[in-house]
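Novice: Each chain is listed here by its residues.
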Amino acid sequence: MKKIGLIVNPVAGMGGSVGLKGTDGNMYKKALEMNANPITPERTKEFLSYIKNFSDITFFTAPGRMGEDYLREFNISLKVVGSISENVSAEDTKKIAEEMVKKIDLLVFVGGDGTARDIYDAVGLKKPVVAVPSGVKMFSSVFAVNPRAAAEMVDSFIKGTDLKEEEVLDIDEDAFRNNKLSATLYGYLNVPYVKRLLQSGKEASRTDKHTMEDKEGIAKHIIEEMDDEILYLFGPGTTTKAITDKLNLPKTLLGIDAVFKGKIVGKDLNEEGILKLLKKYNKVKIVITPIGGNGFIFGRGNKQFTFDVIRRIGKENIIVVGTEPKLRNLNCLRIDTGSLEVDKTLQGYIKVVTGYREKMMMEVRC
Amino acid sequence: MLKKYIKLNMNEMPYPPPIEVINSAKKGLSNLNRYTSQESLEMLKNMLSDYSKAPKEHIILSSGSDLLIREMIHLFSKRRKTIVADPTFFPITQAAKQFASKLLKIRLSEPSFDLPISYLIDELSEQSLVVIDSPNNPTGKILLDRVEDIVETGAYLLIDEAYYEFSGIGFAELVKDHPNLAVTRTMDKAFSLAGARIGYLIAGKTFLNDFSGFDTFLPLPSVYAAIEALKNIDYMKKNVNKIIDERKRVEREAARIGVKVYPSNTNFLLMKTGVLEVARELKKAGVLVFDLSNQLSSEFIRVSIGTKDENNFFLFSLGKLIKTYNQNSFK
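Taken in sequence, the protein lines are chains A and B. Each residue of the first sequence is one higher than the last, beginning at 0 in numbering that gives the first Met the number 0. Each residue of the second sequence is one higher than the last, beginning at 0 in numbering that gives the first Met the number 0.
Excised from the complex, chain A in its bound form (with noise of 0.2 Å):
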């Protein structure tokens, strides 16, 4: 039988929809003013419906909406560590931590890098986890591909596998809002190391003479097939703005930007002011870039796509875009958009624009 703690940080991801790229001290507080709607729930409950091992678990909780609430579902044994506060931080998270790490075989978190900061200062080495994606930023490689990966790892750890440190990175969330990407590593998590259910940490962007041309070529390309009818929403990364800047377009580096007939005619967008571009526009295409290193499509880093949003627009109106360096260290592409039905819509093989009218087909896994 083995004692696995449950920590969720019930505001983490909250501010991925309304373009807050994160919710890190108090902005959850904005994010809720935002309308939006907390996303962990759903992936909590994901992730336990996935564990295949219950009968040889005991589960020590943190109590209520940090782990409690969305145990009780599963009619499972369960013993509840600790009180939290009624507004809930990061102290909760390092607090509970702190006296669960004694009880427990493996830690499981949900949340995102803000999250895995704190149960790094909370548990360091002491203990293995596993990290249930549910921030917005996610680019610590710590964290699983989605929350059935997730589950599928707590069951490899009962059945007994070797453990990795993997990264914590520390990502500055203010000057991500000002559309500066500054990582810094933070720390060092012990997890159960199934390669294919981990997300790589994400890479540095290339400024080589060949990724220089590639997105040149990309730019080139996609330009040329851009139609007048057509509203483009392009999503974050230096590949999308290579574009943009050829266009001579001013683009929000980390935030999606919309154009119609070569204006900007939507900055920084968040799910709310894409619905509402999607009111006002018949055709509409997303043009995306993968995260270098683990070559996430949607999910990560671009939360503003919502499910929702994705579903609307369709598998055959997103464009992905990627520079040859970039693609080879990725074996497949991924999603993990919260909704598994429309991950799978999006499953298969998709087409990148790799160059001046060349693209390679690449496959998307969910």
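Hints are computed from structural coordinates only; laboratory data are not their basis. Just so we're clear, the structure is a prediction, and the values are computed from it rather than from any experiment. Where is the CB? At the ideal position from N, CA and C, for every residue including glycine. Don't take each hint at face value.
As the list claims (entries may be wrong) - Listed below are the simulated SDA-like cross-link pairs for lysine to any residue, each with C-alpha atoms no more than 25 Å apart in a straight line:
hint, chain 1, residue 1, chain 2, residue 2
1, A, K208, B, R279
2, B, K3, B, F315
3, B, K101, A, L246
Claimed, not checked - If you anchor each label on the Cβ, the simulated ranges turn out as follows:
hint, chain 1, residue 1, chain 2, residue 2, range
4, A, I222, B, D144, 33 to 43 Å
5, B, R255, A, S88, 47 to 57 Å
6, A, A203, B, I243, 41 to 51 Å
Using the hints, position chain B against chain A.
Specialist: Coordinates of chain B only, in the frame set by chain A:
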């Protein structure tokens, strides 16, 4: 003085050709002041026709099959979408990038490296040239087990079968039934004739007109060597079987030292070592392997099967490297 390396990077046969072949090549050398006669070229074509069970008039000779692949792509990629596997034999990508008006690469992904045939066929609604190496280089995987689904769409299909003798699966016989099918083969690998550079194209009728007058005057020693080698098919087969047995042993031993080895139908193995810049590190140890950092990632290498001693030295060097790498990783 040049450093002597164990060469496991070019997929050559480690065993030399039989003495009769060497003597024939020498005979050619003693006549180096002469061009190769048309009769000798015709004789070689006749023998290749018998060997590949394809009509002689469909065979085009060249110094190496890579030149034929390049010419095929040069001639037939204009106004067509060119579709290739990725990764693939490098000259295929190189020529496609240079000549194709539109290029689609289909990524082969771990763990199986399968070619997604149904997605490929979906792409054939517009005029296309499909160029596939099967078995694939560098994965060693057989990518095509039938051609009808592709050629019956009207697409042009070129299959590079450089490793046909190791896989035993080839489509040369079908070119007479499918005018839009072509196959390239080489005597560089299984016949131990890498230095002679005898490549040949077995082309369906659609392609033949464009190749009229293409036949190059191959070097006399190469042609004589090739003719003699084709008289002694059993020697080639014996060597192929030795390589396959040795490949299986290397596969087992490499797996034992913690390397991921992918099943192969060729005279090489694709390995994922977990060690970054592994090809560079092996070179320091005196072993040349093919670096795949530009095609997959730097922990992948393609290793040709050499003699037993060569393979043992490679395995020893790789094992030592992995041990050191793992020790340093845990520091």
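Novice: Now, for every hint given, state plainly whether the structure supports it.
Specialist: Checked hints:
1. K208(A) x R279(B): Status holds; Cα separation ~22 Å.
2. K3(B) x F315(B): Distance ~17 Å between K3(B) and F315(B) Cα, so the pair holds.
3. K101(B) x L246(A): holds, 23 Å
4. I222(A) x D144(B): 33 to 43 Å: With Cβ atoms ~41 Å apart, the hint holds.
5. R255(B) x S88(A): 47 to 57 Å: With Cβ atoms ~51 Å apart, the hint holds.
6. A203(A) x I243(B): 41 to 51 Å: holds, 44 Å
Violated hints: none; the structure is consistent with every hint.
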